[in-house]
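Enquirer: Based on the sequences and whatever the hints tell you, model everything.
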Amino acid sequence: MNLNVSQSMLILLCWVLLSSGVVIFFTVRSSRWQRQLRLIPGLKAIEEAVGRSTELGKPMVFTTGWGGDIQRPTTLAALNLLKFIAAKAAAYGTRIIFPTHDPVIAETAREILKVAYAEQGHSDLFRDSDVVFVSPSQFGYAAGVDGIVARSQPGALFLLGTFEGEALILAETGNMSGALQIAGTDSTIQLAFFIVACDYTLIGEELYTASAYLSDDKRIKASMLAQDTLRLLMLILLLVLPVAALLGLNWHRILLP
Amino acid sequence: MTARIAAAVAFLAGLFMAAQYFVKTDFTNLVYRSILDYYQIIFAVTMLIGGVSLIKHHSARITIRREGMIYSAITVAGVIFMIVAAAVSGTGVDSPYQWAFNNLQAPMQATMFSLLAFFVASAAYRGFRIRSRPAFVLALTAIIVLVGRSAFGDMISDRLPELAGWVFNNPSSAAKRGILIGVGLGSVATALRVILGIERSYM
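Listed in order, the protein sequences are those of chains A and B. If you count the first sequence from 1, position 83 lands on 83 in the numbering used here, and the numbers rise without skipping. If you count the second sequence from 1, position 163 lands on 163 in the numbering used here, and the numbers rise without skipping.
If you are wondering where the hints come from, they were derived from the structure by calculation, not from laboratory data. You may find that some hints are simply not true.
[Unchecked claim] For lysine-lysine, the following BS3-like pairs were computed, each having C-alpha atoms within a straight-line distance of at most 25 angstroms:
#, chain 1, residue 1, chain 2, residue 2
1, A, Lys58, A, Lys88
2, A, Lys88, A, Lys44
3, A, Lys88, A, Lys114
4, B, Lys56, A, Lys58
5, A, Lys114, B, Lys56
6, A, Lys114, A, Lys58
Expert: Pasting the structure below:
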C-alpha cells in the first residue's frame, strides 16, 4: 500500500485528530456539565419572529443562500435551525416558504418541513409547493426569492447559510417588505451587509452553535464547550508562536501545516 | 430502524471521506470517485424533481388564474423553450439555446446584479447614521477607507491611502481572521455531530 502523506499533511492530520478528539471527549462526558450559555439575541428573536408572523397571519421565508450546497457545514447548520423553526411554526400553524437554488437542499428541506409539521400534528398545513426550487443561477435565484418576498410580504425572513453577491439584494428587499429579518453566514464579506440590513445577525460560528442553544440535547451543548476549548488553544498559540518566533524558536514550522 | 441505518451510512461515509483526504491509495481514490459519481447521479435526479416541481408550481398558478400568472407563464415557456432548444439543436455557439442564454439570461442577470449598487447606497445610508460613539467610529473608518482607496485619496494627502491600507490590512483582517477561526472550529464540530449521529435533522 502506497501511503503518500507529506509532513504538512501529517501536521494537518494531527490537528484534525486533536480537534475531533476534543469534540468527542466533551460529547461523551456531556452529562457531567451544567453550563449556562451566553444569550445570542438573533436566536432569542426566533420565537419573536414566529410569533410576529403568526399574529400578522403572514408566512415566513427561509433560504440558505446561493453559495452553499448540501455538503457545506453552513448549509447543514442552517437546516438544523430550519428544523427548530419549522417545529415552532407548525405548533402555531404558520406557513414557511423555502426557496432554494439547489435541488438536493430542496428535497432535504421538504423532508425536514414534512416531518416537523407531522410531529406537531399539523400534517395538513404542510404544502409541497412551499419548498420552491427557484434556479441554480445566482441572480435568477436572487430574482426568484425577491419575487417571493415581495408577493408574500412575510412576517419574518430567515437568511441563514452561505451567501454571496445576492446577500444584500435579498436583505434589502426583506427590509423594504417590513419583515423581521434574522441572518447568519460564514462569509465575512456578506456579514457587513447583513449587519446593516437585517434586524439580527448571527456572526460566523454563532450559526453553527444555534442548534446547541435551541436543542435540549446535552451532547450538542457539550460540543459547544469543545469549540470554546479549541478556541482557547488557538488563542494561546496566537500569543505564544509570535513570541517564540521573536526569540528565534521556529515552533510555527512544526505546529502549522 | 431506517434512521439507524441512515445514521450508520452517514457515519461510515463521513469517516471514509475524512480518511481518504489523508490516505491516498488506489482503493480510496476509486471509492472516492465512485461516491462523487453517485452524488452527481443524486444531483441529476433531484434536479429533475426540482424542474418538475417548478413546472407544477407555476402551472398550478396559471390554472387557477392567480394574480401574476403571466410571470408563471413566462417561466414555464422559458423552461420548455430551453429544454426543447437544447434537445433539438444542441448547445453550440450558434444554437438557439446559446442565443437565448447570451441575449436573454445574461442581460437579466446583469440587471439583477446592477441593483446591488442602489441597495449598497441605501444600506450604507442606514449603516452610517451616527447615533452612537461606535457608529461614529464606523462612519469615520468607512470615510477613510472609501476616500483613501479612491483617486481623491492621493489628491488630499499621501498618507490617506496608507491609512486606508492600514485599516484594511490590520483591524479589518484581524476581525476577519477571528471570525474565520470560529467558522473553522464550528465546521469541525458540526461535521462531527453529523458523522456521530448526534445531529440528525437532515434525516
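Enquirer: Each hint needs a verdict: does it hold in this structure or not?
Expert: Verification of the supplied hints:
1. A:Lys58 with A:Lys88: 15 angstroms, holds
2. A:Lys88 with A:Lys44: 13 angstroms, holds
3. A:Lys88 with A:Lys114: Holds, because 13 angstroms separates the two Cα atoms, which is no more than 25 angstroms.
4. B:Lys56 with A:Lys58: Answer holds: lysine 56 of chain B to lysine 58 of chain A is near 24 angstroms, not above 25 angstroms.
5. A:Lys114 with B:Lys56: 19 angstroms, holds
6. A:Lys114 with A:Lys58: 19 angstroms, holds
Hint check: no violations occur; every hint is consistent with the structure.
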